[in-house]
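Engineer: Chain E is already provided as a structure; the job is to place chain C on it using the hints.
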Amino acid sequence: MDKGSMMRTVRRGRSSSGRAGAPAAARQGADWVFIGAVLLLTALGLVMAYSTTFFWSQVKEGNPLTIFSRQLLYAGIGLVGLTFFSWLDYGILRRFAVWIMAGCLAALIAVLLFGDDVFGARRTLLNGSVQPSELVKLGVIIYAAAWLASRRDQVRSVSNGLMPFGVIVGVVSFLIVVQPDLSTTAVIVIVAIAMFFMAGASWQQLSLVLLIAVSAFLVLITVVPHATVRVNEFIKVWRAPNEMDYHVRQTLITLGGGGLFGNGIGASGQKFGYLPTPHTDSVVAVLGDEMGLLGLAITLGLFVIFAWRGLRIAQAADTAFGSFIVIGVVIWVIGQMLLNVMAIMAIIPFTGVPVPFLSFGGSSLVSLLIACGVVTSVARGSRILKGREIEAGLPVAASHAKGGRAVRASSTIRRGHSRARFARAHRAQSAGSAAEAEAADALIVGRDVRIGGALRRRNSQRSPGAVRWRGKWYGA
Amino acid sequence: MVSSRRLIILAVIIGLTLSIAFARAIQVQVFENPKYAAAAHDQQIETRITLAPRGAIFDRNGSPLAVSNRAYIVRVDGRALTDTATVATALAPVIGKRVEEVQQRIEAILADRKSLTPTLSTIVAYNLSPQATYQLTQTMQSLARGGLLVDETWARAYPYGPIAGPTLGFVSLQPVGYSGVEAYYDAQLSSPVGQRRERSRLELLVITPTRSGADLVLTLDLTLQTYVEARLAQAIQDTGASGGTIIVLETKTGAVLASASWPGYDPNRAIELAGTPDARLLRDPAVSDAYEPGSVLKVLTIAAALELGQVTPQTILTDTGRLVIHNKRIYNSDRGRYGRVNIEDILANSLNVPTAQIALDMGAEAFYQRFRLFGLGHRTGIDLGNEASGVLRTPSDPEWSRADLATNSYGQGLMATPYQVINAINVIANDGVLMQPYVVQQWRATNGEIVRKQPVPVARVISAQTARALRQVMTRATRRGTPKALVKGYPVAGKTGTADWYLNGVKQETTIVTYVGFLPADDPRITILVKLDQPQSSKWSAPTTVPVFHDVAERACQILGIPPTMD
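Going line by line, the protein sequences match chains E and C.
Position 408, counted from 1, in the first sequence is what my numbering calls 1219; the numbers after and before it change by one each time, with no gaps.
Position 251, counted from 1, in the second sequence is what my numbering calls 255; the numbers after and before it change by one each time, with no gaps.
Chain E with its partners taken away, still in its complex shape:
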């Protein structure tokens, strides 16, 4: 990012926030358009949840509302999560990023060890009530964002950027792929690659990563039996429509039966035993049948608003960490939605990923709403990261250019309200040693807590710009 584009960003950030020049303590308002899209999608998901479960619920539980009320409860939990994480300064997540990641890995290992077998796969815990891989998606995004934000310039390096990042994503992917859950793995890999790309990976790196990911995926498709079956089914759709697989055929019948305006909400006859999994994987087909092309267009439109406002928040975010989180969440939601919708339409082989917000499932909905809470928090800006930076006069998210590269400004500087501060920070940065910059990087990956303490002490005892790293003080 050159200085010119940075400055444009600064201006836009100010005009949108309208809070330029406000005291450091200020947190901005939420993006209500984004929240509106999220709430509408959640509401639409609840409508579809009732529409696709009432009959089944009546048969199984004797009450059409029983299964729906579970989803309603999860929506409630999710909205509480959304509110809480909107209120919570997202900067705190950076401190806990390593612990979040550790928790994710522990959960995935727990699933493999103690999980419930459903349809020949281990994906859930506690009798199917918790599906950790949904929360893991959010955890991986937070960790990857923290990791990438801490290595702004090393991202381009193969040994310090690509390799470690690849190892982290690879470990998580491996734990999920052995469940086996190829679709979730695909989502995580896609999200990780996109974040890597947005963090500034070179085109060569990106090509390499894509090459590796695609070939690994092709190998997995041939190795995992049900994946092979689905690819063959998909080929039939276009090569031999008459031999089309039952599931694919029913999905197309359901979607195509809706026409322009649909058969009416709740009126799809396909969900009564003809269409498999109408409430989860095939919910968009039922939506298309009941609300028609119009309903589908509105749904896709809500996702477009989600992506548009999301990317805007990412661009205007006060820290790279926040920005990467938002990009991760947007890619997660949109990518997963597209994987599902395109599979429903037989553009790609059947994947089995749920549609964010619309598919029935508690873990997914709660994780998504929490993620949207974090996005809102990013939109409002972080006081923790900002405050510390100003106090320290150190651009926390800034990193030192290795090999004599120009020093880059961080969001904290951009949001540092004055050229004077920027200049001071710049000077501080320039004055700092290479070791100091490295220290900043190291601290970001989970030692922020200690830096906080260090900073306080430094204010009284050390000169500005001093940083403690590996037990020693630098620039004191």
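Please keep in mind that the hints were generated in silico from the structure rather than gathered at the bench.
Do not rely on the hints blindly, as some may be mistaken.
[As the list claims (entries may be wrong)] For the chain E half of the interface with chain C, some residues (derived, Cβ under 10 angstroms), not all of them:
#  : residue
1  : W910
2  : G914
3  : A917
4  : I920
5  : L924
6  : L1063
7  : N1074
8  : I1076
9  : G1080
10 : F1114
11 : V1152
[To be verified] Covered stretches of chain E (in silico footprint by chain C; criterion: 3 or more residues with CB under 8 angstroms from a CB of chain C, positions within the stretch not fixed):
#  : stretch
12 : 887–897
13 : 1037–1044
Just so you know, even glycine gets a beta-carbon here, dropped at the ideal spot from N, CA and C.
Structural biologist: Chain C in isolation, oriented as in the chain E frame:
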């Protein structure tokens, strides 16, 4: 923070992918919509064969003899059923069987792999009432999860139980009518359109309403029928007979006013009986069992002779008391020799020898031609299932001999069903015309159309004058021979008959006795047959059947309102 250029690239990738998806949505939902909508419609509308209620059966005054009630069949779903003990405990009180019995039945079904396809063999309970089914659903929280399937159906119920049971017949579970009216009118009674088209599994849409089968109105009079059955039961008790039949015909039309057989059966229990040795009871002996009627048929021989002018009521014949034809010796039943007799004497004393002589004089051709005209040797065409045709050997049969001609003349050496016998005698009562007896007089189709059956005259057998002359002879003979048959106020004409009982072709000590008569003899309204098998109190007809005939005739005149014709 992030490169705007890369954000734009990301946005473009998202936008392009979304556009592809949306374009495909337009293709599927708009351009291919007719194809998919039709496919959805086709698969969601299921055509099921559902049974409409079978038509009801009424007696001539509108009393319901057979009706169809809503009922339920419970089948075992072999794939879902695991806990046989629980299911059996829930089922047993509902169907009134012991738990172990029900559990055994269920386990037998589960053991039989073939029965996993839904067929009759998986049925554990049938004809359950709605109340019992409701009780079952209350006991078991979910029938489907318990492994039970409940199908709606219609159960045949016969409100009067065994009354007219053999005439009505019964219905199997399929449901197909067996025996009697149920069999003969199966096509009319069963529903003409049994199809229902419904949408998906919610049964949202019923396209073709089902139509029930036609209702039938019988010629039977429930009051008379009930009395006749009671009187028959009494007669069985009084005489110690093993079985019996009473038929009351309306003389001029051939309509069956009452038809009772012992032992009958309760059609409500027919399906239970079907699997037991008692299954042999599930028939109507009056129409299906041919027997040797005996002297009753002397009337026919004399009618033929009168018609041919061979004899007149005044003709004097000589009874030699013994006749030998083809080494077969023929005697009168009392081995007596009556000398000079007229036809009235022959009938009054039931003389075999002069009757055989009349037949021999008439010649085989004339005799059998007439006997066949009387309806012997072929079916009467009555509208009841499983009618037997009887046996009448004629000169064209290799086993026939002239001895047969002699014995046939007094009703032996041939076989006839009770309906054939009464219908043949009814010719005399009906001024010489053979009628086709019938049980159903009218049916009401579901479209409101009412079809009334017209009496069917089959043949003129003898002239009205001959018939009248013979009736006068018979009336006098009855007064002399079986005075106990007489009913106060009504001249009665009738004839007894006794034949040997054969068991597996071996002649037994016991007999089979018949009495057929009609009244009022001057203008007959009803013809009555009473037949008893193996009576123990007497081997002769007069003391056993005649009192029964008298009582039935007297009560029939009261019930049917037949005015007396003499003081």
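Engineer: Now tell me if each hint is right for this structure.
Structural biologist: Evaluation of the provided hints:
1. Checking W910 of chain E against chain C: minimum C-beta separation of about 25 angstroms lies over 10 angstroms; hint violated.
2. Checking G914 of chain E against chain C by beta carbon gives a least distance of about 27 angstroms; that is not within 10 angstroms, so the hint is violated.
3. With a least beta-carbon distance of about 31 angstroms to chain C, the hint placing A917 of chain E at the interface is violated under the 10 angstroms criterion.
4. Taking 10 angstroms as the C-beta cut-off, the interface hint given for I920 of chain E is violated, the closest approach to chain C being about 33 angstroms.
5. Taking 10 angstroms as the C-beta cut-off, the interface hint given for L924 of chain E is violated, the closest approach to chain C being about 31 angstroms.
6. Hint status for L1063 of chain E relative to chain C: holds, with the closest Cβ pair at about 6 angstroms, below 10 angstroms.
7. Residue-level restraint check for N1074 of chain E holds (minimum Cβ-Cβ distance to chain C is 9 angstroms; threshold 10 angstroms).
8. Given the 10 angstroms rule on beta carbons, the hint for I1076 of chain E is violated: about 16 angstroms separates it from the nearest Cβ of chain C.
9. The beta carbon of G1080 of chain E is positioned within 10 angstroms of a beta carbon in chain C (closest approach about 4 angstroms), and the interface hint is therefore held.
10. Hint status for F1114 of chain E relative to chain C: holds, with the closest Cβ pair at about 8 angstroms, below 10 angstroms.
11. The criterion of a C-beta within 10 angstroms of any C-beta in chain C is met by V1152 of chain E, whose closest approach is roughly 5 angstroms, and the hint holds.
12. Under a criterion of three residues with beta carbons nearer than 8 angstroms to beta carbons of chain C, the stated coverage of the stretch 887–897 of chain E fails, only 0 such residues being counted.
13. Under the rule that three or more residues need a Cβ within less than 8 angstroms of chain C, the assignment of the stretch 1037–1044 of chain E is violated, with 0 such residues.
Violation of the numbered hints given earlier is confined to hints 1, 2, 3, 4, 5, 8, 12 and 13; the remaining hints are satisfied by the structure.
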